[in-house]
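Trainee: Required output: the full structure, derived from the provided sequences and hints.
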Amino acid sequence: MNLTLHVWRQKGPQDKGKLETYPANNISSDQSFLEMLDDVNEELIKKGQDPIAFDHDCREGICGMCSQVINGRPHGHEERTTVCQLHMRQFDDGDEIFIEPWRAKAFPVQKDLIVDRSALDAIMQSGGYSSCHTGGVADGNAILIGKPVADYAMDAAECIGCGACIAACPNSSAMLFTSAKVAQLAALPQGEPEAKKRVKAMTQAILDEGFGNCTNHYECEAACPKGISVKFIAKLNREYLKSLVPTSTES
Amino acid sequence: MILDGKAPTGDIQTSWDRARFDMKLVNPSNKRKYKVIMVGSGLAGGAGAASLGELGYHVDCFCYQDSPRRAHSIAAQGGINAAKSYPNDGDSIYRLFYDTVKGGDFRAREADVWRLAQVSNNIIDQCVAQGVPFARDYAGYLDNRSFGGAQVSRTFYARGQTGQQLLLGAYSALSRQIKNKTVTMYNRREMLDLVVVDGVAKGITVRNLMTGEIESHWADAVVLATGGFVNVFYLSTNAMGCSATAIWKASRKGAYMANPCYTQIHPTCIPQHGDKQSKLTLMSESLRNDGRVWVPKKAEDCDKYPGDIAPEDRDYYLERKYPSFGNLAPRDIASRAAKEQCDDGRGVGETKRGVFLDFQTSIDRVGQPMIKERYGNLFEMYEKITDEDGYERPMRIYPAPHYSMGGLWVDYQCMSNIPGLFVLGEANFSVHGANRLGASALMQGLADGYFVIPYTIAPYLASLTPGEVKEDHPEFKKSVEDVKGNIDKMLSIKGKKTVSELHRELGSVMWEDVGMARSDASLKNALQRIPEIRDEFWNNVNVTGGPGELNQQLENAGRLADFLEFAEVMATDALHREESCGGHFRTEHQTDDGEAMRDDENFCYTAAWEFKGAGKAPELHKEPLKFENVKLAVRSYK
Ligand SMILES: Cc1cc2nc3c(=O)[nH]c(=O)nc-3n(C[C@H](O)[C@H](O)[C@H](O)COP(=O)(O)OP(=O)(O)OC[C@H]3O[C@@H](n4cnc5c(N)ncnc54)[C@H](O)[C@@H]3O)c2cc1C
Ligand code: SF4
Ligand code: FES
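Residue numbers (our numbering), protein chains in the order written: chain W, 1 to 251; chain U, 1 to 638.
Simulated from the structure, these hints should not be mistaken for lab results. Worth double-checking, as some hints may not be accurate.
[To be verified] Heads up, simulated DSS-like pairs for lysine-lysine below, C-alpha to C-alpha not over 30 Å straight-line:
| id | chain 1 | residue 1 | chain 2 | residue 2 |
| --- | --- | --- | --- | --- |
| 1 | U | K470 | W | K46 |
| 2 | U | K489 | U | K470 |
| 3 | W | K18 | U | K496 |
| 4 | U | K497 | W | K47 |
| 5 | U | K298 | W | K47 |
| 6 | U | K276 | W | K11 |
| 7 | W | K46 | U | K276 |
| 8 | U | K181 | W | K200 |
| 9 | W | K11 | U | K489 |
| 10 | W | K18 | U | K497 |
Mentor: So this is what it looks like as structure tokens:
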């Protein structure tokens with residue numbers, strides 16, 4: 001099939017950037033979206049032009065590196081799919097495709113489709129862990145965890161940290177991403193002791209990193225390639241409220 | 001030269017405890033004076049950096065991705081082994097040790113394997129404490145499944161995303177140390193040289209991939225945990241950025257490359273389609289718990305819809321050839337068996353390079369919801385890539401390059417022959433011998449990072465004065481000049497071929513001639529072709545853009561340049577090893593029924609190669625292997 005691409009080109013963080021148009025010819029429906037871009041880049045190189053820069057690594061939907069807004073939607077229109085897992089059989093001959101980077105104040109564009117997502121690491125550093133030491137922990141079966149709880153934690157833990165939820169949100173809120181970690185750890189007995197401290201620190205980090213507020217648009221869930229549910233945002237809100245109420249052992 | 005792995009002698013069961021007791025310690029208040037560089041943030045590097053930081057060392061950690069959480073460990077699906085013996089099915093540390101030595105076809109160092117088996121149990125506990133949501137049963141206990149090469153159920157898992165969950169555990173521990181400022185994280189940096197001062201590793205030279213700036217970083221010890229090198233085949237299950245660059249640069253500075261010919265071709269990957277593919281996708285080996293592998297008995301049935309082929313016309317060749325392990329035969333054996341069937345003209349799918357992995361029997365036994373619960377995400381992934389429903393019709397699979405057992409040579413302390421250079425995880429050669437069993441790479445990465453390096457680095461650090469050599473040393477300047485010179489050279493060629501065209505050429509030579517079956521003739525052909533492609537690279541590659549900017553073509557070019565040198569050592573090693581063992585199969589050395597034939601008399605050693613210059617023959621050093629606990633025997637899975 002033959003396609004027309006409109007791709008965001010931006011030389012560097014200070015550059016203004018604009019959409020450029022390129023043909024993508026002889027694309028096979030078995031190719032992945034990124035393999036299609038590889039083809040376009042090979043053509044550009046042969047013509048002595050600068051290939052399109054985009055983030056990618058595992059190309060199997062798990063590392064969270066790939067990050068493109070395709071026809072206005074982060075990761076494209078197919079549900080629960082990262083860009084790297086999107087295949088060209090989802091497109092038709094003659095289609096026009098718009099490809100842009102994640103857009104959010106906290107994700108400055110570095111070049112073309114590549115953005116800086118270190119703000120997500122900063123949120124994790126603020127409290128996305130249980131403070132256990134290496135060694136000196138209890139046997140893995142010492143504390144039983146019922147299957148429903150383990151499954152709930154796993155549902156939340158599937159987040160790949162791609163940032164699509166933020167790119168999709170009209171407020172650029174990092175609530176879904178953050179809530180997934182808060183919910184996973186709060187649900188597990190190993191994370192529960194620090195739950196109050198964690199939810200306070202992580203919600204503060206969201207503000208410090210320049211993300212917006214959550215006003216319940218739920219665009220995040222629709223864009224999330226891993227199907228992370230907005231129920232975790234509700235859980236975060238409950239955990240946050242709990243953290244405001246002192247318990248009898250806290251003075 | 002005869003190499004000494006300095007493994008403890010005597011009773012194996014107490015070897016690690018004795019070795020640990022004998023190791024010098026660094027006084028807690030002195031630890032912060034030492035600086036350690038960790039290159040890599042995967043299971044090995046992430047766990048290591050977090051643990052060393054927690055102990056009080058000052059750690060600088062590097063990765064090429066935009067976040068430590070994206071290391072390729074994230075992609076591991078199936079699970080991680082441990083000798084917990086929770087199912088009460090006869091497992092023990094000794095059995096895990098035994099299985100790993102045997103699975104590796106008797107080409108690993110016994111003491112290192114013992115240590116791995118011993119600490120395996122601590123790993124599970126550690127991960128649970130971090131909040132890793134391992135699969136549990138309804139009573140709340142940890143659940144297990146089986147993997148190839150074992151007759152017990154010792155594999156712990158988190159749906160089909162075990163690597164992701166373990167890595168996020170390590171990443172959370174690392175994040176905590178970054179917050180505590182014991183670890184400084186350098187993302188989007190690629191190590192392009194090892195700085196060696198008077199024979200001792202003292203730092204690295206890296207390129208900032210965002211700005212193109214070349215930076216020097218000093219340390220009292222350098223640890224490499226940079227993963228595997230199977231992208232030398234171009235198409236593999238590794239991430240696009242995985243490379244040999246870090247270990248190859250170290251090799252160029254004198255570190256020995258051990259057993260590079262031991263590469264693992266994984267039996268259950270989605271077959272290649274077309275010639276535009278950029279990578280191959282693994283379907284976890286855990287699927288072999290419930291999937292049965294078969295091909296049609298008759299070549300004329302190969303194009304039929306699989307459901308239309310009568311049961312008696314199907315050849316469940318693994319069950320037939322290896323009745324006691326069946327579909328769970330080790331990877332090297334299962335891969336070669338698949339190749340045999342396809343070579344015999346009974347392969348399936350468009351390219352006829354594929355075999356069926358059929359879930360019908362299990363679906364009939366436990367129901368589709370249960371299969372979905374166990375492997376749902378794998379079926380989803382399969383459908384996305386192939387547009388076929390694995391519940392409706394059998395999946396098609398074919399072997400693909402997956403893992404490197406070989407890597408930099410290290411002694412029992414995980415230190416290379418260059419003092420001060422340590423190597424962890426897939427990047428070293430230590431525990432898997434000539435073949436790695438499933439679910440044991442995650443185990444090794446975390447063992448090295450959490451429970452080995454924190455001990456074994458101490459005696460080395462205790463023997464030196466911290467901070468003696470820093471970035472102002474002339475060797476750092478020289479290294480920066482070399483790196484810049486190399487980059488300028490690549491950018492100035494402006495030839496006609498793209499980096500990926502040349503990488504594909506190298507890959508096809510490696511796959512055809514140094515792949516699943518190797519012969520004297522094929523290896524000699526490879527040794528002729530590799531330097532030709534290398535010459536073409538240095539005369540006819542076209543690398544666009546400049547040095548001082550984000551330039552992905554330049555990154556790929558540098559990685560390919562290193563593969564083009566590394567590949568030659570790999571082929572040299574394969575040619576020299578006149579035996580078949582594990583993942584290394586020499587067609588000249590097989591039994592009448594096509595099984596690998598080892599030659600313990602002449603090849604019971606680790607081959608460690610010293611770089612002597614590009615295009616020059618590397619020099620071979622040997623570390624003899626002794627088997628005092630597991631008797632050398634013909635590996636049988638029949
Ligand atoms: C698809 C797949 C599935 C797998 N499934 C399983 C499984 O179920 N069970 C199992 O036990 N094993 C499995 N494995 C194997 C296992 O995942 C790996 O062997 C293991 O995770 C490697 O960990 P590592 O820490 O050594 O390296 P990696 O996780 O690859 O980390 C390498 C790190 O080094 C950095 N790096 C590399 N080069 C440079 C450089 N030049 N400069 C700076 N940084 C650099 C990278 O950024 C990264 O942080 C699987 C592997 C694959 C590919
Ligand atoms: S919640 Fe979903 S969209 Fe957001 S970072 Fe995680 S995986 Fe990506
Ligand atoms: S490239 Fe890893 S998730 Fe897309």
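Trainee: CA of W/K46 to CA of U/K276, is that 30 Å or under?
Mentor: 17 Å, holds
Trainee: Mind checking the alpha carbons of U/K276 and W/K11 for me, to see if they're no more than 30 Å apart?
Mentor: Cα-Cα ~28 Å, so holds.
Trainee: CA of W/K11 to CA of U/K489, is that 30 Å or under?
Mentor: Roughly 23 Å separates the two Cα atoms, so the pair holds.
Trainee: Check whether the Cα positions of U/K181 and W/K200 lie no farther apart than 30 Å.
Mentor: With Cα atoms ~20 Å apart, U/K181 and W/K200 stay inside 30 Å; holds.
Trainee: Is the straight-line distance between the alpha-carbon of W/K18 and that of U/K496 30 Å or less?
Mentor: 29 Å, holds
Trainee: Within a Cα-Cα threshold of 30 Å, do W/K18 and U/K497 meet the stated pairing?
Mentor: Holds: W/K18 and U/K497 sit about 29 Å apart, inside 30 Å.
Trainee: Does W/K46 sit within 30 Å of U/K470, going by the straight-line distance between their CA atoms?
Mentor: 43 Å, violated
Trainee: With the threshold set at 30 Å, check whether the alpha-carbon distance from U/K497 to W/K47 stays at or below it.
Mentor: 12 Å, holds
Trainee: So if I understand the rule, the pair passes when the alpha-carbon distance is 30 Å or less; does U/K489 with U/K470 pass?
Mentor: Since the Cα atoms of U/K489 and U/K470 sit roughly 28 Å apart, the hinted pair holds (cutoff 30 Å).
Trainee: Run the distance test for U/K298 versus W/K47: straight-line Cα separation, threshold 30 Å.
Mentor: 50 Å, violated
In summary, the structure is inconsistent with hints 1, 5 from the numbered list given earlier, while agreeing with the others.
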